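J.: Sequence:
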Amino acid sequence: MSYMAHAAHSIEDLSAVPLFPLPNVVLFPRAVLPLHIFEERYKQMMADALRGRRLIAMALLKPGWEKDYYQRPALDPIVCVGTILTHERLHDGKYNLLLQGVCRARLGRELQQETPYRLAELSRLEERPAPTAELAEERRRLISIFEDGTLLATVIGRQFRELLSTPLPTADIADLVAFKFLEDVRLQQSLLSECDVLSRVRRIIEAFETNRPALEPVAVSSAKPSMN
49 MSYMAHAAHS IEDLSAVPLF PLPNVVLFPR AVLPLHIFEE RYKQMMADAL
99 RGRRLIAMAL LKPGWEKDYY QRPALDPIVC VGTILTHERL HDGKYNLLLQ
149 GVCRARLGRE LQQETPYRLA ELSRLEERPA PTAELAEERR RLISIFEDGT
199 LLATVIGRQF RELLSTPLPT ADIADLVAFK FLEDVRLQQS LLSECDVLSR
249 VRRIIEAFET NRPALEPVAV SSAKPSMN
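Residue numbering for the sequence shown follows the working numbering, starting at 49 and increasing by one per position.
Just so you know, the hints here were simulated from the structure itself, not pulled from any lab data.
Predicted, not measured: the structure shown is a model, and the values here were computed from it.
All residues carry an ideal CB built from backbone N, CA and C; glycine is no exception.
One thing to keep in mind: the hints can contain errors.
DSSO-like mimics (lysine-lysine), calculated; alpha carbons at most 27 Å apart, straight line [unchecked claim]: (1) Lys110 x Lys91; (2) Lys142 x Lys115; (3) Lys91 x Lys115; (4) Lys142 x Lys91.
Restraint-style ranges between C-beta atoms, simulated for each label pair [to be verified]: (5) Leu70 x Arg157: 19 to 29 Å; (6) Leu70 x Asp140: 19 to 29 Å; (7) Gly197 x Gln119: 41 to 51 Å.
Could you put the whole structure together from the sequences, leaning on the hints where they help?
T.: In structure tokens:
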């Protein structure tokens with residue numbers, strides 16, 4: 049069983065998942081996000097997650113979060129559940145970690161627990177799948193993008209071109225494109241929330257093509273993690 053399949057199987061119970069809200073980060077399934085944990089409440093969240101199932105749900109804070117940051121600012125209802133791949137606990141109790149997205153989920157009720165961080169009941173987002181044949185044209189478009197010019201001359205461009213030669217589903221590769229190249233967090237959140245897989249893949253490709261001239265420098269010097 050692949051890592052992603054194993055991870056997806058291991059998070060069938062989403063009845064109490066720690067929330068890590070940020071104003072400028074959207075995680076996607078399969079993507080790997082480096083995080084540095086320094087606030088006391090989130091240091092406790094990490095310790096608890098490591099003792100448990102190693103799950104953390106990344107949530108996007110809604111605009112206006114600043115005035116209520118240390119309480120319960122409003123969150124976008126669609127989150128990405130991730131699992132801790134690796135971690136390092138520093139001498140001062142802070143953490144560095146790699147979190148890999150596993151699945152989209154919808155926020156349910158928040159739980160009133162005696163923890164300094166937020167816990168919520170989640171449910172997997174119900175998606176409208178797209179058969180491989182329906183995404184054939186979209187895969188050809190992605191291959192064409194990554195075979196051309198500046199992107200192919202970069203390490204990340206070649207990584208994506210290699211991914212497109214593997215059996216990895218087109219929808220998964222599109223999610224990685226959205227995570228790696230699209231800088232607008234509200235657009236990313238909208239794509240994370242899109243339930244129609246065919247529509248989502250097309251929207252990602254269109255956004256990528258539209259913004260490609262501005263995004264090519266990102267391919268050269270992106271600070272986001274590699275896909276390993």
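J.: Each of the hints needs a verdict: does it hold here or not?
T.: Outcome of the hint check:
1. Lys110 x Lys91: Holds. Lys110 to Lys91 sits at ~23 Å (cutoff 27 Å).
2. Lys142 x Lys115: With a Cα-Cα distance of about 25 Å, the restraint between Lys142 and Lys115 holds, given a limit of 27 Å.
3. Lys91 x Lys115: holds, 22 Å
4. Lys142 x Lys91: Within the cut-off at roughly 6 Å; holds.
5. Leu70 x Arg157: 19 to 29 Å: holds, 21 Å
6. Leu70 x Asp140: 19 to 29 Å: About 21 Å separates the Cβ atoms of Leu70 and Asp140, which means 19 to 29 Å holds.
7. Gly197 x Gln119: 41 to 51 Å: holds, 48 Å
In the structure shown, no violation is registered for any of the earlier numbered hints.
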